[in-house]
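Residue numbers (the working numbering), protein chains in the order written: chain A, 19 to 326; chain B, 28 to 421; chain C, 56 to 480.
Certain hints may be false.
Below, a list of computed lysine to aspartate or glutamate pairs in the DMTMM-like style, where the Cα atoms sit at most 25 Å apart [what the hints assert, rightly or not]:
1. C:Lys139 <-> B:Glu356
2. C:Lys382 <-> B:Glu356
3. C:Lys182 <-> B:Asp66
4. C:Lys155 <-> B:Glu352
5. A:Lys125 <-> B:Asp267
6. C:Lys382 <-> C:Glu372
7. C:Lys182 <-> B:Glu356
8. A:Lys125 <-> B:Asp229
9. A:Lys125 <-> B:Asp225
10. C:Lys335 <-> A:Asp160
11. C:Lys139 <-> B:Glu352
12. C:Lys335 <-> A:Glu27
13. C:Lys335 <-> A:Asp170
14. C:Lys304 <-> A:Glu27
15. C:Lys382 <-> A:Glu87
16. A:Lys125 <-> B:Asp66
17. C:Lys246 <-> C:Glu354
18. C:Lys182 <-> B:Asp229
19. A:Lys125 <-> B:Asp382
20. C:Lys182 <-> B:Asp225
21. C:Lys335 <-> C:Asp240
22. C:Lys182 <-> B:Glu352
Covered, in the sense of this in silico footprint (three residues per stretch, anywhere, with C-beta under 8 Å from a C-beta of chain A), are these stretches of chain C [said to hold, decoys possible]:
23. 229-241
24. 292-305
Each pair of labels, with its calculated beta carbon distance range [what the hints assert, rightly or not]:
25. A:Ile144 <-> B:Arg268: 35 to 45 Å
26. B:Glu269 <-> A:Ile186: 38 to 48 Å
27. C:Asp330 <-> B:Thr349: 17 to 27 Å
28. A:Trp117 <-> B:Ser275: 37 to 47 Å
29. B:Ser353 <-> C:Lys379: 29 to 39 Å
30. A:Met195 <-> B:Arg271: 32 to 42 Å
31. C:Glu372 <-> B:Phe68: 24 to 34 Å
32. A:Met195 <-> C:Arg269: 51 to 61 Å
In short, the hints are calculated from the structure, not lab data.
Quick caveat: nothing in here was measured; it's all calculated off a predicted structure.
Every residue gets a Cβ at the ideal spot worked out from N, C-alpha and C, and that includes glycine.
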Amino acid sequence: MFDGYTSSELTAIFAMQGFAGLSLFSVYVLMALGLAIIFGQMGVINMAHGEFMILGAYVTYLVSILFAEYMPALFGIYFFIAMILAFIASGLLGMFVEWAMIRHLYKRPLDTLLATWGLSLILQQIYRSTFGAREVGVSIPDWMMGSIAVTDLVEIPINGLFVMAVTIIIATSVGVMMYRSLWGRQVRAVVQNRTMAGAVGIDTGRTDRLTFGIGCGIAGVAGSAFTMIGSTGPTAGQLYIVDTFLVVVFGGAASLLGTIASAFTISQTQSILEFFISGSMAKVLTLLTVVGILMLRPQGLFSLKLRK
Amino acid sequence: MSDVSTPDPRQSRLFTASELLGYLVLAAVIFIVLPSVLDAFRLNLFGKYLSYAFVAIGLVLCWGVGGILSLGQGVFFGLGGYCMAMFLKLEASTPENTSIQSTPGIPDFMDWNQLTELPWWWVPFNSLTFTVVAIVVVPVILAFIIGFAMFTRRVGGVYFAIITQAIAAIATILIIGQQGFTGGVNGITDLRTLMGWDIRPDSAKTALYFVNGVLLFAVLFVAHMILKSKAGRLMIAIRDREDRVRFSGYNVANFKIFVFCAGAAFAAIGGAMFTLQVGFISPTLVGIVPSIYMVIFCAVGGRLSLLGAVYGALLVNWAQTTFSESFPELWLLAMGALFIAVVMAFPLGLAGLYDDYLKRHIDRLLAPVDRMMMRRAARKTSPKAPAPTAQAAE
Amino acid sequence: MTKRPESETSTTGPSRRGVLMGATAAAMTASLFTPKTLRAADFPTAEVNTTGLAVTDDAVTIGILHSITGTMSISETGSVQAEKLAIEQINAQGGILGRKIEYIQEDGASDWPTFAEKSRKLLVQDKVASVMGCWTSASRKAVLPVFEQHNGFLYYPTFYEGLEQSPNVIYTGQEATQQIIAGLDWVAREKGAETFYLLGSDYIWPRTSNKIARKHIENFLGKRVLGEEYYPLGHTQFNSVINKIRLRKPDVIYAIVVGGSNVAFYKQLKAAGIDMTEEKPLLLTISVTEDEIRGIGGENIEGAYACMKYFQSLDNENNIEFVKAFKEMWGDDMVIGDVTQAAYLGPWLYKAAVEKAGSFDVDKVREASPGIELDTAPEGYVKVHENHHLWSKTRVGRAQADGQYDVVFETADLVEPDPFPEGYQ
Chain A
19 MFDGYTSSEL TAIFAMQGFA GLSLFSVYVL MALGLAIIFG QMGVINMAHG
69 EFMILGAYVT YLVSILFAEY MPALFGIYFF IAMILAFIAS GLLGMFVEWA
119 MIRHLYKRPL DTLLATWGLS LILQQIYRST FGAREVGVSI PDWMMGSIAV
169 TDLVEIPING LFVMAVTIII ATSVGVMMYR SLWGRQVRAV VQNRTMAGAV
219 GIDTGRTDRL TFGIGCGIAG VAGSAFTMIG STGPTAGQLY IVDTFLVVVF
269 GGAASLLGTI ASAFTISQTQ SILEFFISGS MAKVLTLLTV VGILMLRPQG
319 LFSLKLRK
Chain B
28 MSDVSTPDPR QSRLFTASEL LGYLVLAAVI FIVLPSVLDA FRLNLFGKYL
78 SYAFVAIGLV LCWGVGGILS LGQGVFFGLG GYCMAMFLKL EASTPENTSI
128 QSTPGIPDFM DWNQLTELPW WWVPFNSLTF TVVAIVVVPV ILAFIIGFAM
178 FTRRVGGVYF AIITQAIAAI ATILIIGQQG FTGGVNGITD LRTLMGWDIR
228 PDSAKTALYF VNGVLLFAVL FVAHMILKSK AGRLMIAIRD REDRVRFSGY
278 NVANFKIFVF CAGAAFAAIG GAMFTLQVGF ISPTLVGIVP SIYMVIFCAV
328 GGRLSLLGAV YGALLVNWAQ TTFSESFPEL WLLAMGALFI AVVMAFPLGL
378 AGLYDDYLKR HIDRLLAPVD RMMMRRAARK TSPKAPAPTA QAAE
Chain C
56 MTKRPESETS TTGPSRRGVL MGATAAAMTA SLFTPKTLRA ADFPTAEVNT
106 TGLAVTDDAV TIGILHSITG TMSISETGSV QAEKLAIEQI NAQGGILGRK
156 IEYIQEDGAS DWPTFAEKSR KLLVQDKVAS VMGCWTSASR KAVLPVFEQH
206 NGFLYYPTFY EGLEQSPNVI YTGQEATQQI IAGLDWVARE KGAETFYLLG
256 SDYIWPRTSN KIARKHIENF LGKRVLGEEY YPLGHTQFNS VINKIRLRKP
306 DVIYAIVVGG SNVAFYKQLK AAGIDMTEEK PLLLTISVTE DEIRGIGGEN
356 IEGAYACMKY FQSLDNENNI EFVKAFKEMW GDDMVIGDVT QAAYLGPWLY
406 KAAVEKAGSF DVDKVREASP GIELDTAPEG YVKVHENHHL WSKTRVGRAQ
456 ADGQYDVVFE TADLVEPDPF PEGYQ
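Please work from the sequences and hints to get the whole structure.
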């Protein structure tokens, strides 16, 4: 299939394809980080993860309208404010949900799946009643929608770079919080031994609520960032849920590093396959590979040594 | 529980009086009450709901008893449905019916996708016998492969749920992508006759409803036998303390594979009945969303109760139909609230409510019957069967 | 002759004259502007409804069956709105045979078995006289046996893949050849396109449409297809295919991506530096209406071409009235796409057919349907073909930053619907 192309053209294509793989990678990481925290650290299966993402997207939409209406001069930077607000909105909703629902279900992890599925139905309907059944168009500041021409042939999309930057920032701050902050120590303590953690004076209830809130907040930021590359509608959240869970499980649930490694593996596999075969089959092959490996190595790529 | 009549589960009598009553009531509901109060259209709808009940029964075994939550039951339901649909489609695609196609005699969607002959793996589905066998065997083989790979490596709980979910996603994409062979998103539609018998008129649908009911009881009976068998009791032990069972020398994986395969077979029978009653099968019944709904039928009915699962499937589907007819814009809210309420407030579902509030009274009423049954059983089996003791049932 | 917009004067549909002369009920031709009020008393219920449909002395009940929840609600909402608008307008003119239209709306929930269940409910329990409904091919395939079994009558609004002709359905959208061939001819003729790259979501409509497009490109135009690709419904990552397109350098990207994937595809195309206003490559789609552009954002699709039969920007009196009425009813921020307009035709075609037949009986309405003409359709003059599809024009529009299309081409004549095209199978 490469006949008749000059080597510079081929180099350019491979460079851009590599970049496509990297931006898919950052999309996966961003989707999965929030879930990795909630599922990996708390064992809660949050089927409403996609809906928390879409909440972030709708917040971005509202902020964009506000800025276009009242502060058109600042429209170019509204996105940063939108992301912060998306984090807060999804985080608060997450904390509320944890308080009202999830904390009663910690002993029954499979039941959280059903309850959060119910929650996702309710959220979808609320979005539909509030914003209408149609997709909303989030206008993105012009500077974020173009591309940088590196050479004549290689063009790098700015929104891809932006998503990557957001991913790096979020992933780093989660890493720092997890391993350097008091909250992180408390979370890890609670994960390893809830009773003991409680006994040494950690407010496990508060830790749980905060963890769930932060996980949902990150989902909100992801949703906000995805308005640049995807659609915003009441049911758009469901598009992400399977991929997200697979990334987390494939990585080994309790390991953030594992999540990143698995996002990298899956995104590169899919991106390379997509280049050589049709998109549908690439997706099937990727999923099959992941499931196949999981059958051989059920604990995922990285696993925390834990006594259960 | 101090009730003297509470039977000792170790006695493993096939039915207690209250279980028997439960089955009789369900039989009355399915075979007498529903057909006499519903018109043909509504009865057909309930037939559709009952085809989901097969899946829910399988889930009681896998999830309630075995602790294995599968989010991929839609795959088995779909496989059963697709096997049935392939047979019906071949029967409907006679050269006369399809004379306008460029290749008459093959299903219409194949013709649209430029296939010029029937794929080899469609050919055996010309035979009803093969189809009936395939409906059960194909899903069981798949379940065995999945179960063998996962359970021998001790994958369980949440991981199993998510992997089966991924399998459901793969199955959907695969079916949609291979539309020349599977009918794609549309599914296999326009099914007409079964061995020359038109399945579309109301009379046929009513007949199918009763066939469905009989099959449901057959499946209920098998599931009941499994529960009452040694395997059933071991499954409960595995769910509660897997390590101890393993240390006692049992091969835990084999038991799990067994119930998972049984669940798959039940789901597949349901799928085949679905195809017959609804008249088509499509990938929307295979994916993640229907699979989760199937779990919810089971959860609402009560994950520990076979009968509960049947009522759960009926109730949720009926509620969905009713809500969506009366409040089409808001029914999702009602459904969402129902799921949350069931999980939060009634984790054992309808069956749990029954156990908490009704069972005591019914057991007391039935006590004489129970004693009589037990005496008779005792006489029949061995003269020195122990008398029922006051030992707690739990 | 009733009033007709100027753009239609060149109409020379092969059998129009014949239909007009042959139609004993030419006076029945429906018109928004010259309403003829029929009185129900002149049409006793016992005579116009001999099969027990839900028709009373002052009302006729029809069904509306679309997804208002689930993923398809994004697309189907517009159709529901258009149908309700048409019903309200018809009622304001006195209804059908003097009877007000009442409707029962059911939710197909984007789930094909639900569509089958609800359609059976509408036909068997509610005995509706006709149904406006369905959107995806899959939902239509699911309800089709129900309509044929219970002899219902469905008005189906979506452009679709063809290969079907049911006595119980009137297809108010285009079948595939009506939408594809004229557009490809245009792009080959006017833009000198030599090479094409076909792309679509993975289901029957894009696949069948691309099949027809490929046959037309290769066998009739003598041009080349460089690649053909499908992505799962709901796919959101298109960077790889965009790179493949760069590698192959086609003159035309022929895109049939649908739903949420659309938004992702165009945003990523724009971000990858493929500026569609430069037409290198040119993008031609048959799946993006004004409705979709709302989600995509006009600035992200500016310069792309779409091949449809209707655009909101069509400049004729019918359409100006229609757009105004639609916005009055549903809000100023509404946009109207091709399918929305086709859905709007449903109740009007039904009214015309019933009044021509002088009866609500499905068999008589079916018999009366071929030859029905609408002078008042927003897309211009349309006519029902013997094969239950509509004669209609094909138009090419160019997307503008404001989310509207600028019509750059329309066929001189109505295009004959051909659901089973010879040479394209």
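Query raised in the report: Looking back at the hints listed earlier, which ones does the structure fail to meet?
Result: Violated hints: 8, 9, 16, 23, 27 and 31; rest satisfied.
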